[in-house]
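All chains, please: the whole structure from these sequences, using the hints.
The opening residue of the sequence shown carries number 0 in numbering that gives the first Met the number 0; numbering runs sequentially from there.
Please keep in mind that the hints were generated in silico from the structure rather than gathered at the bench. Keep in mind the model is a prediction, meaning the values are calculated, not measured.
Now the in silico label distances, taken between C-beta atoms and shown as ranges:
1) R105 - G22: 38 to 44 Å
2) R102 - P36: 21 to 27 Å
3) L107 - L67: 30 to 36 Å
4) G24 - G78: 20 to 26 Å
5) S49 - R79: 34 to 40 Å
6) D56 - G77: 30 to 36 Å
7) D23 - R101: 35 to 41 Å
8) A98 - L67: 15 to 21 Å
9) L107 - D56: 18 to 24 Å
Don't be surprised by glycine CBs; every beta carbon is placed ideally from N, CA and C.
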Amino acid sequence: MSTPHSPEDLDATSLQVRRALDGDGAALSWLVTHLDPLLRAQVRLRLGRSSGDPDVDDVVADTWTVALRRLGDIEPRGGRCAPSFVAFLSMTSANLCLAHLRRRLRSLASGSESEARRSECPIPRAAS
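Following this line, the structure appears as structure tokens:
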């Protein structure tokens with residue numbers, strides 16, 4: 000099985016990106032099917048081992064949503080669309096991973112602050 004970044008697949012992928020740009024639904028499906036494993040691996044690597052599958056699934060879904068909405072913005076380089084699209088997909092996922100990690104850090108920080116406040120001001124228990 001060839002990878003999405005071998006020369007043959009980049010040419011096939013460029014063809015599919017061009018077709019998708021022309022509104023071909025089958026080409027869109029082909030792109031998602033063939034590039035999703037690469038995207039998923041990048042997201043899993045960027046989020047780290049502490050992230051579960053739901054986090055990875057969310058970022059991957061958000062990446063596809065952004066990428067497919069902006070598909071018309073893809074400009075061919077050297078007559079090929081695949082390198083531009085794969086780079087755009089990768090950068091979009093990187094930005095969304097950073098946003099996800101920032102939200103997680105804020106959530107952890109606010110959770111730690113809440114926990115610290117609870118330990119400083121214990122709530123009296125009802126007498127039994």
